[in-house]
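Chemist: Each chain, letter by letter, is given below.
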Amino acid sequence: MLVLILMVLAAFLAAASAEAVGTSASPTPGKLVLRVDWLDNVNSTNPFAAVGICEYQIDHLNYDLLVGFNATDMSPRPELATSWSSSSDQKTWTFKIRQGVKWSDGVPLTAKDVAFTFNYIIKNNIAGYLMFTTGIKDVVAPDDTTVVFNCNYPKADILRMWVPILPEHIWGKIKPADVTQYANNPPVVGSGPFQSVKLVRGQYIVLKANKDYWGGAPKVDEIIFITASNTNTMVDDLKSGAVDVVIDMRVVQGKALDPKKFTFQTGLSKGFYELGFNCSTSAYSKGNPVLKDWKFRQALNYAVDKQKILDVAFLGQGSVASGVIQPGYFPKSCDYHWQPSADQTYPFDLNKASEALTAAGYPLKNGVRVDKQGKPITLRLEALANMQENQTAAKLIAGWFGQLGLNIQYSVVDDGTLIGQQYNFVGANFTPDYDMFMWNWTGLGVDPNFILSVFTTAQVANWSDCMYSNPEYDKLFTEQARTVDQQQRKAIIWKMQELLYQQTPYVTMVYAADSTAFSNKWQGWVASPTGACVAYNADNIDSWVNVHLATAGSTTSKSGTNAWLIIGIVCAVVVVLGTATFVITRRRRDRRVEE
Amino acid sequence: MIPARLKHWILIWTPLLWLLLELVWYPKNRYVSQGVWRILGGFIDGRIGSYPAWTLLAAAMVFLGWGIATLLKDVKARRLGVVITGVGALLLAWALIAGGLPGWSPGQRSGSFGWLFQMALLVLLACGVRVWAVTNPESAESMVWNIREVWHLFRSNWLGILGLCVLVVFVLLALLAPFLAAHSYLSPNAMVTKPFGGPSFSYYKLFGGDEQGQSILAEFIWSARISLAVGLVATLISTVIGTLMGIGSGFLGGWRGEVGMRTTDVFLVLPWLPFAMVLAAAWGRSYVMIIVIIGVTSWPGTARLVRAETLKLRKLQFVERAKAIGSSDSHIMRRHILPNVFSLIFANTILVVAIAILSETTLSFLGLGDALNFSWGTMLRNSWASGAAGLPEWLYLLPPGIAIVLVVLGFTFVGQALDEVLDPKLRKREASENTRPSAPDHAQGAADAGLVLGPSGGMVVADALDEPPSAGGLS
Amino acid sequence: MDRRRYFLRKIANALLTVIIVTSFNFMLFRILPGDPSRLLLPRGSWSATIIAQQKKVFHLDKPLWQQFGFYWSDTVQLKFGDSFKERRPVTAVVGPRILPTLLLVGTGTVFAVIIGVTSGVLAGWRRAGAYDTLSTGANMVFYAVPTLWLGMIFIGIFSARLGWFPSGYMEVAGASYASWWEHTKALLDHMFLPALTFGLGYMGQYHLIVRSSLTGVMKEDFVLTARAKGLSDNAVLWKHVVPNAMLPTVTIVMMNIGFIMSGAILTETVFNWPGIGLLAYQAMQNRDYPVMQAVFLLMSVAVILANFIADVMYYYLDPRVQG
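Residue numbers (the numbering used here), protein chains in the order written: chain G, 1 to 595; chain L, 1001 to 1475; chain V, 2001 to 2323.
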């Protein structure tokens, strides 16, 4: 027992001293610190290893893009590039780079860094950013302030590439084969308004303001992003003042906050939630062959009540989806989001669904839906374990499809399992082994190029998870990628969304909403296009640069601890036990040897 | 010929068992609001007694084998053999029909005859018990007497009675669930209030709404089924494995005993929770998986207990005598060891159920349970994940937790009472020669405290010694 | 039994169990579905060379028995590979989490043992007295209460409603403390609720064991002898009864220590305490197999070690073993 107690005391002292050594020196009075809670977790400050949207956001705080995004409509605006022009055939683009910018280690930033970054991605096939660099032949920096992009065709999304510009003097030394493993440990060398200085994986990341930022020093001294494990702790932290901002609280909790002290905002996020099908036409595909028939898939649209899914599974947070490009993130003059007309929209009508299925050649036989060979149709439906909304929606969908006479086998799986099924290879043959699944897409940058590419034949067994293949769609995709004129491009993109709406490789269900909650002590929030100003938006980070306290002063974290309360409780318990021992063992009269 | 009491018991318990089975299988789409006839019709609904065909077939094989063996062995037991074979034949017929003719498949379930077969099966089993009592009057007498004695002693233990009452309440809650809360209230779009809506005096809103506005009361009532069922079935598996391993490794010496002990030790040290997580990641999440996991990780406790007991019994003289006569190992294990450890196992099992229920709560809380069903652990998980603890939504947090505490305490009290009743009395009577007073038996001490083995706290019966203590008395 | 023989036997036992468990660990993780080489890479296509490289790292291109060999040589060198999620060595991921868990469970266990045992002795000594009925009833409830639920209740009352304690974490993120004492105060603040939640269940358990063990011992002949000799109640209690009643308690405490890391999973998850338990839970959610494998092994070895220490202590505490 003594050994145990000694062990505990030793551990205590070790923990206390270890932490004291690891942190920075005594707290600076008057340091302005903004604390943010989110459910996400930053694993890496290496942009090439970024997986979650939170990591991209940190990357944009550490690094700059070439061309940024306006807060109100996400239209291009100068960031590291001050101006740009194109040749008459629009295949060559010239950007002027801002002068006087320095990396955080003092080395000047030049056009050579820009060229290096893009060439590195192109030459080494860095998968995460290839989607933005398709069509670029190479990038040249004739002098320190000019960058020239040579493209193979007029590149439509050249002004909307989400590529962080990295310092050549650091990244040039890293072998391309190892680049995703490179830790890029804090302090990160970047040109952005903040610098990551401390990362404790699974817990928090600390960013220090870059006082020499070309866009003006941020008004806070530090931002700390803290990983919470669930929404309970986030709400508590906000209410107690332990954090100032919470990202992704539930609507119920947000609405319960006192509006005099806190502000709660929701806004449509980028991307959508969908029910996806295995549309693979490969002979080896293990998906149910009825899903190859787009008429079958289209009929199922009538059996999905998107409004109900929004209300029940997403608790009303968001809006019903239609096209694969979400609304709200484009200038009103040129909104790429397509909305079906009133008579194009699929109403929720199980009878219509049944009729459509029968008309497509899948009749009912004794209450069971059969395929063209007369066999009952069984479809697997999978939802991800960590997505509660999708699971609820899947339950609803399983119910509706079941009423159509389809036999639905519903299961909850890990995303690794689903990915394994989708990218299943038997020997050299591509053998996707799934039927229906529920997932979502989140956008990086606002150019629709990437999400549209998911449905092309080229992305089957790559980014596509529905294995959709349609030559007509592929042609349209290539066309829009080369149409720089925005209005012309919009017309093509609308046609593509309409085609997808009809052919239904996905049933898009909901555009989900992000939420932000912050204490009214802080001001300077820059409104985002859809309303939740600092929810996960890696495209525009003005809010973080601009935020400041409403009344001047410094922040002090809650310092009052209850150590004395605890010590008091412990003493009380000891006293009680001691008294009891004394009293009970005292009594000698009652000699009971046996009972 | 047959003790009167036994006759009464058969008359009472057969219909009760029938009612129990009916309620367990009762279809979920018949609601009280639909009227009396619809409810009564539920008792002969096609879903009653829809066991998978392979279980019926397996049971049929067992009974047929047993019946034929009895018929061949003993002239006196002919009638019993006939009844047992009859049961086997009935099960075989049921298995064939349930599998579907033509094209028999082992997973398929019967259409509309389950209730008939089930009833016939129970009647036949009752006849079997009766016939057995007639052919073995002394055994029947002593069994009746033992049970009555146990019940008398149990009754005087007020904690045990309290526990029993609590358990009866919850078992009734679980069985009567289809009548107490319409199953339709569990589907995701059956909202009774807005999210986290408060309670009101309407029946389904008594506990308010959960994070999707569904009725917490309905979820609570239906969760009782899954929580209790998982606990009971998992315990059954665990006890069976544990007993077999315990008797086997305790009785058989040599390498077989060693292997048995090693296996027990390995499973004892496996951290069950990470093990469970790995299994769930591999084979998917469902309550069947949870049952298997709990069963597979909690048997070492029972095995250790049984093994210690078997080691003691092995040394007793009646076992020596049986060996001298030439009885085979398996015969001795079955006829001499097993009945003597039975009472120990029985009390232990009840305590293991309590731990199994706590384990199920843990596993469901971590998300390893079914996506479509509710258990108390799942309710706690939903409340935690949706922020109920931070709000705090007391009516979402309290009912499942309190129910778990009550059920666990109920099983613990009953188990402890049974322990006190069964162990000193029966063991002293059966053990014809007990050579010396046993030294403080740490295993027993721990078992007395109601602490047996199992995943929940990971407590282990203390039996660090390999052999029973060789001398009594301490200074 | 001869001391050397006893210890050698116990050591051999422990080693054998470690070997079996480690091998079991290997098999366990080979049955999991999903191609690890694909799982490690972000979604999308990678060149065939990179995939082949992944396969090499996990030796997946070799036959099973060779993989087993590599597994053993790696394990002995404490090379557990890289975490899928965090892309760095598993030892770096697991290492810093051990101390917080030890801190939490150590504190919880210490208080559970001290209070539980004392309470159990007092209850057993005067069985059916007022103290016994009250405390045993309370402790039974503590034992039956699910830890996770208790944790949620505490958060609801003490954090959300009263605001006395923080609702989770081990420290205020990114904070720097003026002095060692400040840091300790903050640590205590954060640790109180989790340690309490964790310890209450065990406290109930120890109370119950000690109490019933005491009752059993008190029925023994030697107690009667001691009283007949004229020893006072106190002497009988503390010098004779309690030491003998401690044997099962000691054994169970040591064995519990082995299981403590598993038990901490729930408490750490509910309170977001950055220890091994929370790591195991997160690794399960992320399907981070290397981490899960290491954690599994770590916990098993902890249990085996604790059992061995229990055996050693038993040897010195129970004279019958020596005799």
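Keep in mind that the hints were calculated from the coordinates and are not lab data. One thing to keep in mind: the hints can contain errors.
[To be verified] Calculated pairs, DSS-like style, for lysine-lysine (alpha carbon to alpha carbon, straight line, at most 30 angstroms):
#, chain 1, residue 1, chain 2, residue 2
1, V, Lys2062, G, Lys286
2, G, Lys375, L, Lys1312
3, V, Lys2219, L, Lys1315
4, G, Lys475, G, Lys123
5, G, Lys112, G, Lys31
6, L, Lys1315, V, Lys2056
7, L, Lys1028, G, Lys395
8, G, Lys292, G, Lys365
9, G, Lys286, G, Lys175
10, G, Lys521, G, Lys208
11, V, Lys2062, G, Lys175
12, G, Lys261, L, Lys1073
13, V, Lys2079, G, Lys173
14, L, Lys1312, V, Lys2010
15, G, Lys475, G, Lys332
16, G, Lys260, L, Lys1315
17, G, Lys123, V, Lys2010
18, G, Lys255, L, Lys1194
[To be verified] Derived Cβ-Cβ restraints for the label pairs, each shown as a range:
#, chain 1, residue 1, chain 2, residue 2, range
19, L, Leu1019, G, Asn366, 32 to 40 angstroms
20, L, Leu1172, G, Gly399, 26 to 34 angstroms
21, V, Thr2091, G, Gly106, 31 to 39 angstroms
22, G, Gly399, L, Trp1145, 23 to 31 angstroms
23, G, Ala527, L, Leu1172, 33 to 41 angstroms
24, V, Thr2091, G, Gln307, 23 to 31 angstroms
25, G, Ala458, L, Tyr1203, 22 to 30 angstroms
26, L, Leu1172, G, Gly402, 43 to 51 angstroms
27, L, Pro1015, V, Arg2126, 42 to 50 angstroms
28, V, Arg2126, L, Glu1320, 31 to 39 angstroms
29, G, Asp138, V, Thr2091, 37 to 45 angstroms
30, G, Asn366, L, Trp1145, 54 to 62 angstroms
31, G, Ala491, L, Tyr1203, 51 to 59 angstroms
Here a beta-carbon is modelled for each residue, glycine too, at the ideal position from N, C-alpha and C.
Chemist: State for each hint whether it applies.
Modeler: Hint by hint, here is what the structure shows:
1. For the proposed pair Lys2062/V and Lys286/G, the alpha carbon gap of about 28 angstroms is at most 30 angstroms, so the pair holds.
2. Distance check on the hinted pair: Lys375/G and Lys1312/L sit about 63 angstroms apart at the alpha-carbon level, beyond 30 angstroms; violated.
3. Straight-line distance between C-alpha atoms of Lys2219/V and Lys1315/L comes to about 25 angstroms, which keeps the hinted pair within the 30 angstroms bound.
4. Proximity of Lys475/G to Lys123/G is assessed by CA-CA distance (about 26 angstroms); at most 30 angstroms being required, the pair is judged to hold.
5. Taken as a hint, the Lys112/G and Lys31/G pair is broken in the structure, with Cα atoms around 36 angstroms apart against an allowance of 30 angstroms.
6. Between the alpha carbons of Lys1315/L and Lys2056/V the distance comes to roughly 57 angstroms, so the proposed pair goes past 30 angstroms and is violated.
7. For the suggested pair Lys1028/L and Lys395/G, the alpha carbons sit about 17 angstroms apart, so the restraint of at most 30 angstroms is met.
8. Restraint check for Lys292/G and Lys365/G: the C-alpha separation of about 21 angstroms stays at or below 30 angstroms, so the hint holds.
9. Between Lys286/G and Lys175/G the alpha-carbon distance is near 39 angstroms, which puts this suggested pair outside the 30 angstroms criterion.
10. Of the pairs offered as hints, the one joining Lys521/G and Lys208/G holds, with about 20 angstroms between alpha carbons and a cut-off of 30 angstroms not exceeded.
11. Proximity of Lys2062/V to Lys175/G is assessed by CA-CA distance (about 27 angstroms); at most 30 angstroms being required, the pair is judged to hold.
12. For the proposed pair Lys261/G and Lys1073/L, the alpha carbon gap of about 86 angstroms is over 30 angstroms, so the pair is violated.
13. Restraint check for Lys2079/V and Lys173/G: the C-alpha separation of about 27 angstroms stays at or below 30 angstroms, so the hint holds.
14. Between Lys1312/L and Lys2010/V the alpha-carbon distance is near 22 angstroms, which keeps this suggested pair within the 30 angstroms criterion.
15. Only pairs whose Cα atoms come within 30 angstroms are accepted, and Lys475/G paired with Lys332/G is accepted, the gap being roughly 27 angstroms.
16. Between Lys260/G and Lys1315/L the CA atoms are separated by roughly 79 angstroms; this puts the pair beyond 30 angstroms, and the hint is violated.
17. Using a Cα cut-off of 30 angstroms, the hinted pair Lys123/G and Lys2010/V is violated, with the two alpha carbons roughly 61 angstroms apart.
18. Under the criterion of a C-alpha separation no larger than 30 angstroms, the hint pairing Lys255/G with Lys1194/L is consistent with the structure, at around 13 angstroms.
19. Distance hint check: the CB atoms of Leu1019/L and Asn366/G are about 34 angstroms apart, consistent with the given range 32 to 40 angstroms.
20. Checked against the hint of 26 to 34 angstroms, the C-beta distance between Leu1172/L and Gly399/G comes to roughly 30 angstroms, which is consistent with it.
21. The given range of 31 to 39 angstroms is respected by Thr2091/V and Gly106/G, whose C-beta atoms sit roughly 35 angstroms from each other.
22. Gly399/G and Trp1145/L have their C-beta atoms about 56 angstroms apart, which leaves the hinted 23 to 31 angstroms range violated.
23. In this structure the supplied range 33 to 41 angstroms is violated for Ala527/G paired with Leu1172/L, their Cβ-Cβ distance being about 58 angstroms.
24. Against the hinted window of 23 to 31 angstroms, the Cβ-Cβ separation of Thr2091/V and Gln307/G comes to about 51 angstroms, which falls outside the hint.
25. For the hinted restraint 22 to 30 angstroms between Ala458/G and Tyr1203/L, the CB-CB distance of approximately 58 angstroms leaves it violated.
26. Evaluation of the 43 to 51 angstroms hint for Leu1172/L and Gly402/G yields a failure: the beta carbon distance comes to about 32 angstroms.
27. Under the hint 42 to 50 angstroms, the C-beta atoms of Pro1015/L and Arg2126/V, about 48 angstroms apart, fit the expected range.
28. Between Arg2126/V and Glu1320/L, the C-beta spacing of about 44 angstroms breaks the proposed range 31 to 39 angstroms.
29. Between Asp138/G and Thr2091/V the beta carbon distance is about 42 angstroms. The supplied range of 37 to 45 angstroms therefore holds.
30. Restraint check, Asn366/G to Trp1145/L: a C-beta distance of roughly 58 angstroms satisfies the suggested window 54 to 62 angstroms.
31. Checked against the hint of 51 to 59 angstroms, the pair Ala491/G and Tyr1203/L passes, with Cβ atoms roughly 57 angstroms apart.
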